[in-house]
Amino acid sequence: MPNNVIWTKNLKKSYPLIKSYRDLIRHPFQRNFIQALRGIDIAVPPQTCFCLVGPNGAGKTTLIKILTTLVLPNEGEAFILGHDVVREEALVKRLVGLAIAEERSFYWRLTGRQNLEFFAALYGFPHQEAKKRIEEVLELVGLTRDADKRFNTYSSGMRQLLGLARALLPEVEVIFVDEPTRSLDPQMAEKIRKFLRHELVDRQGKTVFWASHNLAEVEAYGQEVAIISKGKIQLQGRVKDLTDNGQRSLFEIYQQYVQPNGEELSGLNGRN
Amino acid sequence: MWTTRTLWLFFKRDLWEALSYKLNFLFSLFGILFSSATFYFISQLISGQSEVLSKYGGNYFSFVIIGLAFSGVLNIFQEGLPGIIRSAQLLGTLEALLITPTPMAVILLGSSLYPLVYSVLQSLVQIGLALVIFGLKLGTVNWLGAILLFGLTILTYMSIGILSASFILVFKLGNPFSWAFGSLSALFGGVFFPVAVLPGWLRWLSSLLPITYSLEGLRKSLLLSLPLEALWPEIKALLIFSFLLGPLSLFVFRVALKKAKKDGTLTHY
Ligand SMILES: Nc1ncnc2c1ncn2[C@@H]1O[C@H](COP(=O)(O)OP(=O)(O)OP(=O)(O)O)[C@@H](O)[C@H]1O
Ligand SMILES: [Mg+2]
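Chains as they are written, first to last, in the working numbering: chain A, 90 to 361; chain B, 40 to 308.
Do not take every clue at face value.
[Claimed, not checked] Under the rule of at most 27 Å between Cα atoms (straight-line distance), these lysine-lysine pairs were calculated in the BS3-like manner:
#, chain 1, residue 1, chain 2, residue 2
1, B, Lys61, A, Lys101
2, A, Lys98, A, Lys321
3, A, Lys319, B, Lys297
4, B, Lys298, A, Lys101
5, A, Lys98, B, Lys298
[Stated by the list, open to error] Partial list, derived from the structure: chain B residues whose beta carbon lies under 8 Å from chain A:
#, residue
6, Glu56
7, Leu130
8, Thr132
9, Glu134
10, Leu137
11, Thr139
12, Pro140
13, Gly303
14, Leu305
Hints were generated in silico from the structure; no laboratory data involved. Everything numeric in this text was worked out from a predicted model, so none of it was measured. Just so you know, even glycine gets a beta-carbon here, dropped at the ideal spot from N, CA and C.
Build the full structure now, drawing on both the sequences and the hints.
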């Protein structure tokens, strides 16, 4: 654990299922759960571009939310730079940035810039500094020209970019991005990938935790990769080693560890 | 670090959102006007006939307008803060707020600001319209008393708003707590009629509702020109309510937040 930026041990999470009224009457004391994580162990060394891949419903977003203090685990431990995400929540919040996969998470009737001003204040930036920082991040994600348009006029790609801009506002050590290139055009997507890897990791020495469905981008920009399936890490390693320096494709390996039967989505419902 | 600027930005955020529904302001102005007019005509029927009412100066219109104007504060806190939390849950902004290092109490205070200012303005507009259009007559106003009572009322209802927001956080939909509290307050809190007309056991129920004391005190200070000493029972009651409910509501919200993080209900799923 000592040198790892992110470290988890036997992390488990189950969400309660909302009961129908009929169930409530029939089995009042039985609660049903979805097991999202079934014992996750990962270790992410410093200054790494770490990619997490896995089928829909495998638990990627859940893991990210636990590591960013938005969801509480049922069992196990998780640390960011040695700080427990449950017991040292306030401290951990100062160490992590998150670009939520949810594109909506802004105020619809405010402009992009007004939204960022609001969040910059919550990150504790004084007014002048906030202004400067906002210009920087807007420039970076290419939204400078559209910054004064209302958020509800943004395309889904622009919304995602604004989410990334917000995640980059605070000076943090670890940046979590959940499918950051999902709705971006090819050039913008490439720009963001380069930024995450070359600027944040290689130049600034930060750690990026990147959930993705795009194996090509992971092959090109990821340093470490973990495959998650059915709430468990199936494989973790250096991208170069796993692919024999590009001799094998990541897709090949992925297929080896993930059954393509959509079991993730339906088969997880367990009783507790 | 969490400066007044942070709070101001919260206020601005909600003001902007509200301003984009400009018609709403017009509607609420009409709402105030219509309800004032309705009660103005009703009061033509019943003023001066009631023993109980004579304790408040004998005019039903001035009695009820104070009730209407200030019970609005209650509605706004019941609907304002929980509404903001609810939409933050739906929009996904709640997670974005909670991942910032801003303390929860600041987020709650900030989110309460707009509903607060809005409700104060609404009360003032209602009283103003009544003065100008319907010939409302106030006594020699005890300003200090009125402001003190109003401040304590707001503190109390802010806590109730936070309690109600906690409910939303965990159960996502529907808020029977707020609904029940609102209906009880409207019926037994002395909004439309003096609680003295209620039978004894129901009067006991009114004595548990903070609004009873707010309205009684405000009527004393706005209509009856009573000095500060005469307002002491109401001030005392509201002090007790705010001292109890303030910490309780923050505690309950903290617990609710924890539960929401356990159940994954910070965002609508
Ligand atoms: N808030 C929640 N309440 C109930 N169940 C949830 C909640 N969030 C996630 N789940 C369930 O937990 C499992 C894991 O979901 P999660 O969102 O972590 O998957 P994911 O790997 O991010 O999927 P995707 O690739 O589709 O984004 C799924 O079965 C999902 O239905
Ligand atoms: Mg996901």
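field: Hints the structure fails to honour
entry: The structure conflicts with hint 1 only, although it agrees with all the remaining ones.
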